Amino acid sequence: MGWWPLPMRRECTNTWQVTAKVSLIDLSADLCGVRLRNPLVLASGIWGCCAETLVRAARAGAGAVTAKSCSLEPRKGHPNPTVLDWGVGLINAVGLANPGAAEERDILRAARQALEPLGVPLIASVFGHSPGEFCRAVCLVAQAEPDFIELNISCPNVESEFGRPFALDPEAAARVTEAVRGVYAGRLLVKLSPNTPDIVDVARAVAAAGADGLTAVNTLGPGMIIDVRARRPVLANLVGGISGAALRPVAVRCVYEITEAVDIPVIGTGGVLSGEDAMEMIMAGATAVGIGSAVYTDGEGAFARILAELRELMQEEGYRSLDQFRGCAHV
Amino acid sequence: MSRQPHHAHRACRVNRVVCEGRVGVTLILDGTMPAHPGQFVMVWLPGIGERPFSLMDDDPASLTVARVGPFTSALCELQPGDRLWLRGPYGKGYELAGRRHLLVGGGCGAVPLALLAKLARSQGNEVIAALGARTADLLMLRWRFEALGCQLIVATEDGSLGYNGTVVAAVQELFDDRWPEAVYVCGPEPMLRAVAIQAGAVGLPCWVSMERAMKCGMGICGTCHFGDRLVCRDGPVFEGREMLATCLGASGSTM
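Read top to bottom, the protein sequences are chains F and B.
Going by this note's numbering, 53 is the number at position 53 of the first sequence; the sequence numbering is gapless.
Position in the second sequence counted from 1, then plus 331, gives you this note's numbering.
Calculated directly from the structure, the hints in this document are not laboratory data.
Only a predicted model underlies this, so the values are computations on that prediction, with no experimental measurement involved.
Yeah, the Cβ is synthetic: ideal placement off N, Cα and C, and Gly gets one too.
Be a bit skeptical, because a hint or two may be false.
[Stated by the list, open to error] Only part of the chain F face toward chain B is listed, based on derived beta-carbon distances under 8 angstroms:
1. I46
2. T53
3. L238
[As the list claims (entries may be wrong)] Derived coverage of chain F by chain B (criterion: at least 3 residues anywhere in the stretch with Cβ under 8 angstroms from a Cβ of chain B; other residues may be distant):
4. 65 to 79
5. 294 to 302
Model the full structure from these sequences, guided by the hints.
So this is what it looks like as structure tokens:
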């Protein structure tokens, strides 16, 4: 794959004792045949506008990084305010601002070149109005040869313009997946929405249509925050997707239900802020774990902190690898 | 009483409006906004928009705004008693070093330097504020630096007031005399680079404040990236040599 693992556990070489103790723990994960040095994946929409910040997330410890979603044509996104910390999480309606698939391809090329020596896989993210538009954007982005392409069929913040997200309907989700599968032979992830009572049906349909893996979940909602003194919703888009701590129980349930029903790997994303949250997501069945809002609370230090906490918790509980507890919560 | 978390918007009222020449206004608000000089707030006008602004003062919270577009025009039309909403403060501010500070501001770059001057003067430090603009009526906040007891150098590119030329040229003599112990800059990027190079050449610590369009303002969206730095969270104030190094390493889109 043109991919080579980093020398492992460089940080543990100060004493023999520490090396012996910590090196028993293997944090690596296998995502559709691609080895991640650890399960943490920078989620789409966080930092991912340019190659330099993606590389910075990788240097900060991410096991894989996802670029911001792009569409065939450039988009300005929604006007400000676009993001708000409402106390128990974030609410955002950035509105899929992006420079368009052609420019994104160049950003992805630069990112891939810099990420390869770090051994950190790159996930591109694509969205569109229609299966045909998805395909055209995927074809452009694929020229950058990212390790994965993720189809964002679940953004809740552009409904007035795009109509109901494809991810709310199993058939619509399958149509997009199938269309892209027809033009793209690489590893294909599909990002699902928690805002449907049928997430398991959607997951089954998307898997049957040829997805290699799933990302679950996109933001919850849409929700609304009203400023009582301003007497109106804060977000310029009025509504936005909810992420952070408030999303986690929903995300964990979705991952649990999906991994009961389908065999393809899932990147469990939603409110993972600590090592314990990451372990919870993996116990629900996730192969890897998306990191988004944690970057708001901790900056780039989020990756190192969550990994250190996960490693410590694994040691405490006597696990040496993620496989030893992946999906173990299923009863 | 308030359920609002730290980073939600806070409603503030305009107490007083000070005219800033032809360019804009200073809005003196009720209440305080404790902040390090150089930090910024996101200012929200419901139904109009939200933009980042440096604090000109933290007690009382004050904003100085140049009229450049629809949002700043709306801010400039606010009257005493009107409300606006702030969240923040965000970002990394200036660090005070030494006892003799040279502040170099271009246009509305004077704004964060005014709060820095207040802090430096409160510690009894000497401050020279060098303010530059294209013409005299585009200069901002001279009154503020004077009131704080700063020595003022004014430069206009058309020679309508003070030194005839750029503020960068106007302060060269101070560097030659080794007067400053630290240099603080805010203004257009070519000016930031020029002063950072001037300061670097004589081994002086230098901090520059950068500007970028922002969405979240709190380090998530990446809109304000400058190389691999985020202006909202790693900045807006950077060490001069960090900025110069990032400029060299940055992609074409950010230069």
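So, going through the hints one by one against the coordinates:
Taking 8 angstroms as the C-beta cut-off, the interface hint given for I46(F) holds, the closest approach to chain B being about 6 angstroms. Hint on T53(F) holds. Least Cβ distance to chain B is approximately 5 angstroms, under the 8 angstroms limit. Residue-level restraint check for L238(F) is violated (minimum Cβ-Cβ distance to chain B is 11 angstroms; threshold 8 angstroms). Evaluation of the coverage hint for the segment 65 to 79 of chain F: fulfilled, as 3 residues show C-beta separations to chain B shorter than 8 angstroms, against a requirement of three.
Judged by the Cβ-Cβ criterion of 8 angstroms, the segment 294 to 302 of chain F is covered by chain B as claimed, because 3 of its residues qualify and three suffice.
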